[in-house]
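**Q** This is what each chain is made of:
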Amino acid sequence: MIVSLTLILMVQLLGEALTRGLNLPVPGPVLGMALLLAFFVIRDRSPRLSRRMLPPALVDGRLESTGKTLLANLSLMFVPAGAGIVGRLDVLAAQGVALAVVVLVSTLLTLAATAATFVLVSRWMKPGERP
Amino acid sequence: MTGDFAVWVYLSRTPLLWLTVTLMAYVVADRIATATNRHPLANPVLVAIALTACVLQVTGTPYATYFEGAQFVHFLLGPATVVLAIPLYAYRATVVRALAPMLAALLVGSVVALASALVLARALGIPDTVIVSIAPKSVTTGVAMGIAQTLGGDPTLAAVVVMLTGMTGGILVTPLMNLLRIRDMRARGFAAGLAAHGVGTARAFQVGEIAGVFAGIALGLNAFVTAILAPLAVTFLR
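Chain order of the listed sequences is Z and F.
For the first sequence, this note's numbering begins at 600 and goes up steadily by one.
For the second sequence, this note's numbering begins at 45 and goes up steadily by one.
Read the hints as simulated data drawn from the structure, not as lab findings.
Any given hint might turn out to be false.
Facing chain Z, from chain F, some residues (calculated, C-beta under 7 Å) [what the hints assert, rightly or not]: (1) His118; (2) Leu128; (3) Ala157; (4) Met207.
All C-beta atoms, glycine included, are put in the ideal place defined by N, C-alpha and C.
Throw the hints in and build the complete structure from the sequences for me.
**A** Structure representation (structure tokens):
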């Protein structure tokens, strides 16, 4: 787990350094994600060499399971920020019910429009296919 | 000062207590979600936040003290974003095959998110300074606060509205999709990530890995598109 976490943090650090250094408009962790993707592509291009050069945890699936554990508990990571928001609900109350209505209706419309577009275009591209 | 109180005074200032409270709230929330068969209303983010906020309120703990401990959990958002690469890589073939529907849904979704918020807010008589802060509501918090600030809005209000949108989307996505009879998990996930950023993505990962992958992609792409479209959309207000 430590080896996997080290790689994940290294990649995030590199992402942060690059976005700051080059003034890129993407958040550091997002660039880190792209870098980790590149790592997988390179790793699997030459599996034998990777197995010889890299620590075992990065090639035997342990990195993948560490990542999946993190993603399965993504909900947990919003708790600290969310608890802070509860303390600032006063800014919301000042706007009254209108704001809540806007959020509710606009979110529903966005969800419906996005999913419907996705389904329509994928059917139009491959008629008959129903995933 | 009684002995018990001295212990409390000591503990309430250590990161250990508040980290433990955060994790306990999450474990309880997750148990409730599992017990209700992942019912949308038993959204673990919502329940855990409510429980934590109650504890903070009852004990009169300032948020800064709480965050001393909770920051360790908050920190994991960065690594969790990085490891989105893992399912993305595993399902790369599925993702590449869905490139056209994704791009179309991305464009339609981000335009609807912005336009519906602006038009509705206008119609309900919300002042322009506030409208600017709610325009980027479907985008991940950090980016939304940045957009609101550049447009002359209030970043704090933006963060509150973003969280509220995330909760709304995370809770409503499943019932809405069932109502619309959309069963394609790629479409459901993509919509959750686009409309409700990280909270929607967290919900999608609970439902399934395919939904989670597409939610993660939508979350990233929408942050990018909204950063470009929001300033344009707001000029229509003036």
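**Q** Now, for every hint given, state plainly whether the structure supports it.
**A** We went through each hint and held it up to the structure:
1. His118: Cβ of histidine 118 (chain F) sits 4 Å from chain Z, so the hint holds.
2. Leu128: 5 Å, holds
3. Ala157: Given a least distance of 4 Å, the restraint on alanine 157 (chain F) holds.
4. Met207: 5 Å, holds
In terms of the numbered hints stated before, the structure departs from none.
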